[in-house]
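Trainee: Sequence:
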Amino acid sequence: MIALRRSVVPLVIALVILAVLFYALFPTRTFMEQSSALSEVRAELDALYQENDALRDRIYLLSEPEEIERLARSEYNLVYPGEEAFALLPPAPKPVEIPDLWPLNALVTSLGG
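Numbering (my numbering), first residue to last: 1 to 113.
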């Protein structure tokens, strides 16, 4: 009987310790995971608030006729009736210079250079 007690008591104590660890450790891990997820969601929410503020500013600007005219002229090349729109072309590229070395000398000759 005493030998049975000596083998059962440590087993019961070990099971109690495991149960306590099980109930204490898993909620702690869950809490830490939720805390990390909450931090990420708060950062995302802050970014969304900043984007909303920028969009509100853009809405306010687009309610002004001057801003609409500026955008129409700069981005869409629109003009009022009677005005003329001009487009400046980029400068022509420099001609390609081919060295007069073999085998390129035949190419230079065929191009008239």
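One thing to keep in mind: the hints can contain errors.
Restraint-style ranges between C-beta atoms, simulated for each label pair [unchecked claim]:
# : residue 1 : residue 2 : range
1 : Ser35     : Leu89     : 53 to 63 Å
2 : Ser74     : Met32     : 24 to 34 Å
3 : Leu48     : Tyr80     : 47 to 57 Å
4 : Ser36     : Glu67     : 36 to 46 Å
5 : Ala24     : Asp53     : 55 to 65 Å
If you're looking for bench data, these hints aren't it; they were derived computationally from the structure.
Just so you know, these numbers come straight off a predicted model, no measurement behind them.
We put the beta carbon where it would ideally sit given N, CA and C, even for glycine.
Trainee: State the violated hints by number, sorted upward, taking the hints as numbered earlier in the document.
Mentor: Of the numbered hints, 2, 3, 5 do not hold.
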